[in-house]
Amino acid sequence: MSNIKSDTSEALTRTGSIQLLWLGLAATVGIAILMALLSWASALTGSSTATLDAIDEDSETVTLLLRTEPPQLDSTRATDSVSISLLGHVMEGLLRFDENNQLAPGVAERWEIREDGATFWLRPDARWNDGIPVTAHDFVFAWRTALAPENASEYAFILYPVKNGELINSGALPIEALGVHAVSDRILEVEFEQPLAYFEELVAFSTYNPIREDFYRSREGRYGADVEDLLYNGPFQMTVWVHGAHVRLEKNQNYWGRDRIRLNVIDMPYFTTDATSALNLFKDGKVAVVDYLGAEQLDEVLQQRWQLQRFGDGSVWFLAFNFAPDRVTANLHLRKALQLVTDPGELVNRIIKLPGNLPGESLFPVWLQGVDTFFRQEHPVQQITLDADAAREHLRIAMEELGIESPPSISLLVDDTPGAAKQAEYFQNLYRTELGIDIRIDRQIFKQRLAKMQSQDFDLAVYGWGPDFADPLTFGELFASWNPNNNGRFINEEYDESVRLAQSSLDPKTRMEAFARQQEILIEQVALIPNYERGRVYITDRRLKGVVRRAVGPDPDYTNAYITPSP
Amino acid sequence: MYRYTLKRLLQGLITIWFIATATFIAMHSVPGDPLINERGVNEEIRRNLEERYGLDRPITEQYIIYMGNMIRGDFGISFTQQNRSVNDIIREHFPVSATLGILAIVFAGLGGVLWGALTALYRNRLPDIIVMFLVILGISVPSFVIAALGQLALVGLNGLAGFSILPVAGWGTVLHMLVPSLVLGLSTMAFLTRLMRSSMLEIISADFVRTAYSKGLPPTRVFMKHQLRNAILPVITVLGPAIAAITTGGFVVELVFAIPGLGRFFVQAVQQLDYTVIMGTTVFYGAFLVFMVIAVDLIYGLVDPRVRLE
Amino acid sequence: MSNLSLTTADFEPIKLQRETQTISRPSLSYWRDAWVRLKTNKRALISLFIIVGLLVFTIAGPWIWTIDPSAQDLDQLSTPPGANRVAKIVAPYHPWAGVTTEPAPISTQPTWATQEVRLAEPATTQAVRLEWDPVPAATGYRVYRNIYDPEPDGALGLPIGEIYDARRVSYEDLLDLSPTRFWYSIVATDDLGREVAEYTTLVVDVVRVITIDQAVVAGLEGPNGPLELGDEVLIKFHPLGTDYLGRDMLARLMYGARVSLFIGIIAPLFFVLIGILYGSAAGFIGGKTDQILMRFADFVVALPFLLFMILFKIAFGIGPGESGIFPMLVALVVLSWPATARLVRGQILQIREEAYIGASQLLGAKTYYLILRHMIPNTLGVILVTLTFAVPTVIFVEAFLSFIGMGVAPPTPSWGSMCNEGIQTMLNHPHELIFPALFISITVLAFNLLGDGLRDALDARMRSRE
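Chains as they are written, first to last, in numbering that gives the first Met the number 0: chain A, 0 to 566; chain B, 0 to 309; chain C, 0 to 465.
Everything labelled a hint here was simulated from the structure, so no lab data went into it. This one's a predicted model, so the numbers in the text were calculated from it and none came from an experiment. Here a beta-carbon is modelled for each residue, glycine too, at the ideal position from N, C-alpha and C.
Partial chain B-side listing against chain C, Cβ under 8 Å, derived: (1) F17; (2) A21; (3) S28; (4) V29; (5) I138; (6) S139; (7) P141; (8) F143; (9) A147; (10) V251; (11) V266; (12) G285; (13) L288; (14) V289.
Whole structure, please, built from the sequences with the hints as guidance.
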């Protein structure tokens, strides 16, 4: 009986497995057909991406990845670095940044800045990609649109130096009152609200880009939303924009400086925020640049013998305090105690571990220009010597003043990026071991963190500030009492006075001395604890040269890039 | 049958209303402010933004307007991608997620049936042990670890070959789909393999199989008609829930493999508190799942004569 | 017949006998029967032991391995298990002014190669101080560091320093120093600030050092009495290595287990409990109420799970210093109860119709007896199985939320968040991924196999053929 049974099952096993083999083959063929069908179908919906290699020498194509999808490419509304970088490739303002990061003539071939205004003479060969010349009217229209209250641009404030800008933006004046006029098609006249030392820096910013009125109106509110909803006057024009998947830039044959541009195509068929995926794509020879790396990836890069480069992205990161009277952080001695045990060097060397990050010493980063040389060389920061004993003494006084028995518990607001959490944990441990202060980490998603910042619902916050233009004012203004981004409401009359002076003066020496005073006040009052000036480490394919990284303006910039033949 | 279908569809519509309401309530109780941004803006602009998105109205009115628009199939304009409608976003990105999901389901379903049957035939022998090891992997390792390891394996494979056999990330061609959908389908495949194995084992020694065999039917026929066909039935029942698991499980795979699907957009939208995109995606997914479950039920009724639809 | 002898005792009336027959085997209760069957299932039994072991690890572990899981050992960042722990005692760190020279006379023929690079002081994990002979006509220097030999292709490695002052011919490296071999390369820059092609490389072996103060804080002692400069000590031992902030992995895994297993067990307990109450209410009351209750459960089932999990997670919000475990629990319970409710209702409706219930009723059983004796034991088995299978699902959900950055808040460790951190450093420090991933996998597997075993043991109808 048992014999028969096992015989049957053996026979069944044999026939069964042969049957399964056939079924498996059929399934494989079926899946292959299904996949072919699906890929055909998805090609119809237009979400397909090319699979060229990182560098294609014959067609002078370079393949890259984008971190995120640009929300839109309407220059009046763009705020994020990806949009601004793309706009820097497909659009051009009056001035642009050249390959050495210097201001160079863009649509304007020459210009004149006066105390009360400026005049720009536009080049005759600047054209939109449909062949129509770029005129002064296009700038007038764009600037008015950016300031129009119903446009609700977040970067409208960058146009406030233009006469009546702020009043128009708050709805008090009609947009026609803006101090900008097209004298002719090729002459643009600008009136200032008050004397302005850095207007050249401003007009290179993407919010100052031109927009052609007839085209803008024809898009009926969709301007910049898609590839056909945008007119281009920059070195490149966009030819493909599959949302979330693929952006393709091709050389703009109507661009006045087209002979200068050496790449034919910049293809971006990968969108990923995941650093590991980005590195994997590079390793696989699919992308030519990974524009920043994490410290965890450096060993892998070294092992692969790739060429590492670094640059400072211009931003300054610090611990911001809440100065609301009901918060313990309003107490100077408490802030002083924290300052005296915080070693930005340790944070940079042991926790962040990325070369290029500089230990933070001041709100004003090292790269800012002073009168003759760097601002920080002309006005060195007052050094803080770490002193745990002095810190504990300050803490004791603070506790006395606050009328509390034990060291206070302080909340630390951070966003939900892994790096921020890591730093928060470091600070938590540091202040607990050195001062016995209990730090309660308050990690929030992006918008919730912003809401908490702006409603002053924090004690301490990890905060970063990137420059809008290359003048110390972009940092100094931050702690002015009227600045909406002064979230902790640091109020100091002398500081305000000094910011006003720096805003209105045209004399470099007076201005730099004002910034130096601001730097002193911030350290004396412990208005912030500087953490680091952010550096980025990136890798590029050895064949790709001329990639420009910069702190202010479109970054990364491939307009000057070129391919060298492989050896 | 028609009455049953109609009734199910009507229930489905009510369910979708419930999902939409629940999403609306959950989202509006999220602390934070979708209109806030890094650079502070003045009052006038703030008012204009609120007006544009209708956030200046009372919450009940917002709800009524939203429901009204939804009935007309309009999910509104995205908060972050200010010039795009949520309908556009869904139309462009859902097909990607769906393609990935369909492939994963097919892999999981076919793989589960084949492996399950194989392991049942070779019970406790080498093929069984090898497949069961894979099954254990699929069941016990978190999906994001599998996805990351899968991508790493691809890089290694291409490195060994010296050229790119399969792309490591991105989307578009057949080759892009292969590994992500395998990774996505793995855990479901593991689950179905186990299910198929035990159902197959039950049937191998069932009386009707022995009868069929002893009355002289050829083994091929016994295997195909009697065993496999009957063993597959329980697998079909769980396909409905499996579809739900796979569609939402696509998040991880989309993030790791840089695939422009809807799941990735949802995660970003949550970070940005993009109300309209969150609402649109959730309601759309919910509706999709509701109708998938109805469809699976109806199909099951057609396949299995023992099930009566009433 | 004949030898039948009767005594008077035989005519005594028989006493009432309670026990008419003895059962040869002890009667098996439902649970004991299940236990016997479970015991024969080796896999389930091993799984049960593993789960008990994990619970012991979680609860008792921190009593035995008393290292603080949040203590940061900045001298041992991301150290794998079994790394060399020898450290030399040195004086505290003192700032270094560096070396400057007068500008070298610009030769007519600039030479770009640096003549010599040397260590200004012995290289330690405190600092590596390099100095070099000035290069004529250089405008500045770049300092690179590699963990591999730059030859033959000139891969200089990390660009750790940029010097814009031609007179400055030294560099102090403090960045992430570990006791290993470094190749430092110095490149001069020309008058346009471009790097020249030539470079000089110095191989440096870095020695791990700590100061006396640090050693005392860490509770280390010298070989003979108090510590002196130059002594060699063994620094803190971390059996499973450390994470990116130098925290002990073993201690973190134990505390992470508390979080992961807590969520993994408590959440199912709660939603199963709610499911039982809801389901049995619907099942007992029946009629219109039943329909309404079940329709509502259907609605909740239809909510896309992960999407709502994320939504709820942020809607409940996490305040400063909170771990976010509670909102996660609530979200899980709110979304997961209907499955159990359906199951319990189905069971109760089914059991109500069983013949033995009818028989029992005919024999005069009261409702409470029916519930206690029949309903509960018969549904408990199914519920227990559901509970066991729910644990791995919840552990996965927690891990998934950590992956998209919405898990428990730092510094609270959980296996999921540790896994997610480990993935970032997968290539360099695999131990940071392997250990938490292994714990998740083992736990999930153990609960799954135990669930299978329980199902087989508790429910004859659901028993698979193994």
